Amino acid sequence: MLKQFHQLVSPKYFYNLAVLLTPWFAWLTILLMIAGLYGGLVFAPADYQQGESFRIIYVHVPSAWMSLFIYVVMAVAGGVGLIWHIKIADVVAKSCAPIGASFTFLALATGSLWGKPMWGTWWVWDARLTSELILLFLYLGYMALQSAFDDRRVAARASAILALVGLVNIPIIHYSVEWWSTLHQGATVSKMDAPSIHIDMLIPLLIMALAFKAYFVTIVLLRSRTEILEYECNSSWVSKLLNKVESRT
Amino acid sequence: MTSYWNAFRVIFLRDIILASRYRAELANPLIFFIMVIVLFPFAFGSDPDLLRRVTAGMIWITALLASSLSLEGIFRSDYADGSAEQMVLSGYPLTLLVAAKIAAHWCLTGLPLIIIAMLTAYLLSLPTQALQALFLTLFLGTPVLSLIGAIAVALTVGLRSGGMLLSLIILPLYMPILIFSMLAVENAMADIPFDAELYFLSGMLVLSVTLAPIATAYSLRIRMS
Amino acid sequence: MMERQTAQDDHTEDAGLSQLEVSGLECIRQDIILFQDISFKLQSGDLLQVDGLNGSGKSSLLRILAGLMQQNAGKISWQRKEISTCRYEYQQELSYIGHLNGVKDALTALENLRVMVALAGSKPEFPLSKALDQIELVGMESIPLSRMSAGQKRRVALARLFITKAAIWLLDEPFTSLDASGKLVIERLIAEHCACGGIIIFSTHQPMEIKDCSIMHIHLGKK
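Chains as they are written, first to last, in the numbering used here: chain A, 22 to 270; chain B, 2 to 226; chain C, 51 to 273.
If you are wondering where the hints come from, they were derived from the structure by calculation, not from laboratory data.
Computed from a predicted structure; not experimentally measured.
We put the CB at the ideal spot given by N, CA and C, even for glycine.
Be careful, since some hints might not be right.
[Said to hold, decoys possible] Computed list of chain C residues with no C-beta within reach of chain B, every gap over 10 Å:
{"hint": "1", "residue": "Ser73"}
{"hint": "2", "residue": "Ile82"}
{"hint": "3", "residue": "Asn104"}
{"hint": "4", "residue": "Ala116"}
{"hint": "5", "residue": "Leu118"}
{"hint": "6", "residue": "Lys125"}
{"hint": "7", "residue": "Glu132"}
{"hint": "8", "residue": "Gln142"}
{"hint": "9", "residue": "His149"}
{"hint": "10", "residue": "Ala156"}
{"hint": "11", "residue": "Leu182"}
{"hint": "12", "residue": "Leu228"}
{"hint": "13", "residue": "Ala230"}
{"hint": "14", "residue": "Arg238"}
{"hint": "15", "residue": "Cys246"}
{"hint": "16", "residue": "Asp262"}
[Unchecked claim] Computed spacing ranges between beta-carbons, pair by pair:
{"hint": "17", "chain 1": "B", "residue 1": "Tyr200", "chain 2": "A", "residue 2": "Gly141", "range": "55 to 65 Å"}
{"hint": "18", "chain 1": "C", "residue 1": "Arg238", "chain 2": "A", "residue 2": "Ser256", "range": "27 to 37 Å"}
{"hint": "19", "chain 1": "C", "residue 1": "Ser179", "chain 2": "B", "residue 2": "Ile116", "range": "20 to 30 Å"}
{"hint": "20", "chain 1": "A", "residue 1": "Glu199", "chain 2": "B", "residue 2": "Gln133", "range": "22 to 32 Å"}
{"hint": "21", "chain 1": "C", "residue 1": "Ser199", "chain 2": "B", "residue 2": "Met165", "range": "50 to 60 Å"}
{"hint": "22", "chain 1": "B", "residue 1": "Ser126", "chain 2": "C", "residue 2": "Ser179", "range": "52 to 62 Å"}
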């Protein structure tokens with residue numbers, strides 16, 4: 022069992038696994054994305070209050086979910102790398118950051134686009150938007166720290182600490198911002214047993230959430246592959262691989 | 002146990018003595034604080050009603066900036082002259098020594114800052130009930146700023162882009178402290194009890210006293226390598 | 051690629067002796083392999099000099115041995131226990147003097163020595179004034195280090211070696227900015243420490259003479 026685990030986290034094995042899995046996740050992303058977008062933009066009925074403009078939630082809500090989810094993945098991967106000195110964990114943590122930041126930005130941008138017709142202004146100091154913005158700052162700080170170091174290992178370990186400190190702080194930030202602002206809509210989807218959203222609207226939303234997850238996995242695999250090659254540029258298997266590519270072209 | 006206390010005391014006193022040798026530098030954060038406070042009326046106009054409403058806020062924001070700027074130097078000399086290496090290699094837990102350094106730093110910058118802030122608030126005629134809330138929030142909040150900030154300082158010490166990067170990293174982490182402190186002061190101004198906010202700040206203080214020195218020590222170890 | 055020299059294995063093994071064993075040590079900095087597969091075994095009274103050109107990883111090796119840096123591969127054991135499992139015990143047996151002196155410029159020599167003693171966690175073996183005598187700084191007790199010369203600062207830093215009772219000394223270029231008499235003091239200290247059964251690992255570019263001690267060598271980098 023332990024041996025299998027060690028094999029799994031060896032960069033070479035992980036690289037080959039990533040090469041194998043990337044197309045599968047890419048196809049899954051495309052299929053889910055088509056299904057979700059069709060369901061959300063065509064199949065789902067228009068909202069009786071917000072009209073057609075509510076359809077932006079099919080991008081906004083899943084990306085907001087992803088922004089938090091990716092931060093947790095990043096912090097946990099960083100922590101694993103910190104404690105057990107697993108290279109793959111460092112690589113995954115590093116690959117997560119720009120994707121997470123992009124999803125956070127997407128959530129903010131779509132939230133702002135949605136806000137214009139709803140509230141009549143691009144930006145309101147709504148609790149969720151504000152904590153999303155702070156999350157974006159956390160991501161940016163992480164990436165800035167990550168890039169400030171020359172040594173890859175030191176960079177990975179230092180930024181892992183920052184990610185973990187951020188992870189402890191996220192709930193605190195979230196609740197303090199919630200407390201501070203009373204101007205926000207109640208949670209609509211988290212109450213799974215009695216959803217206040219219509220089932221025809223909910224299903225495409227969940228499909229979109231899955232599509233975004235698959236997209237995230239695809240991109241992480243792609244980015245990790247490049248990172249591993251850079252990380253392991255001294256090892257024999259990488260030079261062998263590069264020779265093979267060179268002789269092919 | 003006594004030897005642990007002794008090690009804590011030695012580092013604490015060493016930092017106090019060091020600061021006393023560079024006395025002029027001690028005043029810098031305080032002068033910065035007063036100067037920034039003076040900027041606010043220029044920006045907002047000198048309408049007394051408006052200024053009274055934002056006094057507590059501008060004092061807190063300025064205190065936050067002053068504390069993050071002064072924190073930047075907490076490990077700088079130790080890192081540059083090799084004392085940090087020797088602290089890592091000492092026979093004592095680095096967490097303990099780091100805690101002593103943070104405590105010394107707060108006594109040297111946090112305490113004077115609170116006194117100056119209270120004086121400024123009084124001169125700007127903040128209502129009495131708000132003064133009390135401001136004092137309590139500063140007293141509970143500034144140690145948290147030092148503790149959380151120390152982690153980020155340990156991570157960025159000795160880097161090219163140190164200062165700017167540091168602010169980028171810590172300001173998001175400071176936001177809850179600012180939010181709750183301001184809510185407490187606002188409640189006090191409206192004669193509403195503000196216990197809840199104080200409990201929250203106390204909770205943050207307890208959490209950061211327990212965890213921040215550990216994280217700081219760990220970060221410093223990483224920076225050494 | 052590496053030239054290795056292992057301590058004689060026919061040393062009589064004694065439970066009371068200190069023993070530092072290094073096997074298969076590897077260090078990679080910024081994607082460049084500094085050294086690979088370094089192994090040696092040191093016992094009480096051994097003196098090891100690390101040779102190599104600039105940038106060959108001498109400082110990194112010493113920092114790794116001190117536990118400041120982490121090796122990319124390999125094992126370091128102290129008294130047959132890996133040092134990551136007994137970090138505090140190991141560090142109490144260790145004195146490391148790197149390129150940086152680890153002393154405070156704003157403090158006087160005496161104050162610096164007091165901090166060193168307190169942080170080492172051991173009682174000084176003799177009054178600190180005697181330590182000042184040893185490093186030939188008597189009469190300069192109350193002058194802050196910022197007003198001393200580089201060599202005098204280095205002497206204060208090296209005083210760490212004899213005011214604390216460490217078994218292993220790791221010295222990175224100990225003679226930097228020392229004058230002839232300072233160098234003599236340190237050479238004498240090294241000889242004494244070896245005679246008392248200590249272990250010393252050091253790097254230097256200067257020729258040196260240590261009485262009654264054979265110096266082992268380890269060479270880093272390409273020949």
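Evaluated hints:
1. Ser73: holds (21 Å)
2. Ile82: holds (16 Å)
3. Asn104: holds (20 Å)
4. Ala116: Violated, because the least Cβ-Cβ distance between Ala116 of chain C and chain B comes to about 6 Å, which does not exceed 10 Å.
5. Leu118: violated (5 Å)
6. Lys125: About 18 Å separates Lys125 of chain C from the closest Cβ of chain B, which puts it past 10 Å; holds.
7. Glu132: Glu132 of chain C clear of chain B: closest Cβ-Cβ about 18 Å, beyond 10 Å.
8. Gln142: violated (4 Å)
9. His149: violated (8 Å)
10. Ala156: Incorrect as stated: the minimum Cβ-Cβ distance to chain B is 4 Å, not above 10 Å.
11. Leu182: holds (19 Å)
12. Leu228: Check passes; 17 Å lies beyond 10 Å.
13. Ala230: Correct as stated: the minimum Cβ-Cβ distance to chain B is 25 Å, above 10 Å.
14. Arg238: holds (24 Å)
15. Cys246: holds (20 Å)
16. Asp262: Check passes; 29 Å lies beyond 10 Å.
17. B:Tyr200 / A:Gly141: 55 to 65 Å: The hint (55 to 65 Å, Cβ to Cβ) is violated, given that Tyr200 of chain B and Gly141 of chain A are roughly 38 Å apart.
18. C:Arg238 / A:Ser256: 27 to 37 Å: For Arg238 of chain C and Ser256 of chain A the Cβ distance comes to about 47 Å; the hint is violated.
19. C:Ser179 / B:Ile116: 20 to 30 Å: Since Ser179 of chain C and Ile116 of chain B have Cβ atoms about 41 Å apart, the given range 20 to 30 Å is violated.
20. A:Glu199 / B:Gln133: 22 to 32 Å: Taking Cβ atoms as reference, Glu199 of chain A and Gln133 of chain B lie about 26 Å apart, which means the hint holds.
21. C:Ser199 / B:Met165: 50 to 60 Å: With a Cβ separation near 36 Å, Ser199 of chain C and Met165 of chain B fall outside 50 to 60 Å, so the hint is violated.
22. B:Ser126 / C:Ser179: 52 to 62 Å: holds (58 Å)
The structure shown violates the earlier hints numbered 4, 5, 8, 9, 10, 17, 18, 19, 21.
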